[in-house]
Amino acid sequence: MPTISMTVNGNAVSADVDVRTLLVHFIRDNIGLTGTHVGCDTSQCGACVVHVGGKSVKSCTMLAVQAEGADVATIEGLASGDEMHPMQAAFKEHHGLQCGFCTPGMVMSAIDLVNNNPGADEATIREQLDGNICRCTGYHNIVKAIQDGASRMGG
Amino acid sequence: MNSFEYHRPGSVTDAAAAISGADDGKFLAGGQTLLAVMKLGLAAPSDLVDLGGIADLKGIQVKGGAVTIGAMTTHAEVNSSADVQGAIPALASLASVIGDRQVRNSGTLGGSLANNDPAADYPAAILALGATITTDKRQIAADDFIVGLFETALEEGEMITSVSFPQPSKAAYKKFKQPASRFALVGVFVAQTPDGVRVAVTGASSHAHRAEVLEEALGNDFSPSALDSVTIPADGLNSDIHASAEYRANLVKVMAIRAVEACG
Ligand SMILES: Cc1cc2nc3c(=O)[nH]c(=O)nc-3n(C[C@H](O)[C@H](O)[C@H](O)COP(=O)(O)OP(=O)(O)OC[C@H]3O[C@@H](n4cnc5c(N)ncnc54)[C@H](O)[C@@H]3O)c2cc1C
Ligand code: FES
Ligand code: FES
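Taken in order, these protein sequences are the chains called A and B. Quick note: the first sequence uses my numbering, first residue 1, plus one each step. Quick note: the second sequence uses my numbering, first residue 1, plus one each step.
Just so you know, these hints were derived from the structure itself, not from any lab. Just to be clear, a hint being listed does not mean it is correct.
[Said to hold, decoys possible] In silico EDC-like pairs for lysine to aspartate or glutamate, Cα to Cα no more than 20 Å straight-line:
#	chain 1	residue 1	chain 2	residue 2
1	B	Lys177	A	Glu127
2	B	Lys58	B	Asp83
3	B	Lys177	A	Asp130
4	B	Lys26	A	Glu127
Required output: the full structure, derived from the provided sequences and hints.
Structure (structure tokens):
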């Protein structure tokens, strides 16, 4: 079994795992960070989105070994202490979630979206969010939250 | 997923050695297709040779009237490259309509071409632009590269290292997305090149192909109205739950007209 090491939310982590281990399972089962979800396991739904090297990826479609040595960010790493990340705060304020299952992936995708499209309008946000599926909200409040989150992030 | 031996070579030479030493090895690029088929048990390679650690396979260069893109360059990198946007804006814009942002951050040019999905976008670009595919063994003209359904001219263990796209005078790609998968229901790439007008269609049949009828009509008169009287035969086109062959045939014409309009 290979030993896999990477940085997750700023902390160095390491575990001996089966080479087939997907990044999402490494994060959930080996590191114990269960905020990152598995919805579909087939790169459709975006519940598993994390950042690797600052870019959003679907962690159900990446081997943990591919992230060897990488800088990984998950939903748990966004807040500073009790203070939510501006995108998390915007989701809370605009009711951008109902059951919350899609939310960690939505927030991680939203941050990448805003980093790449500062000042994105509603149409761009809707289009760029096509890798994330929500079965509850109808997306309306998610889009509102991202627009507000973008301005809170200074974009 | 079956187990495999994992390799992460740092050079093209080491990767070639790893694959030739393997029983039934496969290259791993962005994994956006390969990991999915391995999960389904449709592929069970003995060895995975991860190309992610080879710096020589990444990057974009514009020189001698062509844009050369390393095989491991992601769709997002092609889309956001100022060099590609400047030299062949149609190619940058094609990269922006592949899958979703997360797929574009992982999926690569080389992986997409080696896989040659019948509804993938890049196969249309290499055919219409008359690109040259460079492998670790030779150079292959786009017209010879696309062979059949998921079939290319690549031999066992042969690695795409880069793809060189000659700069067209005008080009545009128009895609009608299958809304659930985001692959092309039909995509048409139109280019005015030094060798004349080239038109390639993806999504419509078993593999991307040149559309001679459209090339001829546009060769005589490069305008949307030149296609008014053209009929695309439905014979041999795909028919499935998403669209009939007749519907796809009509879409080929509609997307071609929109692409010519976008050429301005
Ligand atoms: C949700 C989703 C939506 C998508 N939508 C689209 C779309 O709209 N349009 C589209 O075109 N594509 C789409 N794709 C496919 C995506 O664009 C990837 O590019 C494609 O899956 C393969 O690229 P990869 O880098 O991930 O290759 P991998 O999955 O790693 O490899 C694919 C195959 O190519 C081989 N290979 C990889 N690199 C090389 C190389 N350099 N030389 C030789 N062989 C090599 C591998 O061995 C494997 O057989 C989608 C994928 C997903 C998951
Ligand atoms: S669990 Fe990864 S995209 Fe659905
Ligand atoms: S809030 Fe329930 S899936 Fe999005």
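Checked hints:
About 13 Å separates the Cα atoms of B/Lys177 and A/Glu127, which keeps this hinted pair within 20 Å; it holds. Proposed proximity of B/Lys58 and B/Asp83 is supported: the alpha carbons are some 14 Å apart, at most 20 Å. At roughly 12 Å between alpha-carbon atoms, B/Lys177 and A/Asp130 fall within 20 Å of each other, so this suggested pair holds. In summary, the hint linking B/Lys26 to A/Glu127 is not supported, as the alpha carbons are separated by about 34 Å, beyond the 20 Å threshold.
Violated hint for the displayed structure: number 4, the only one.
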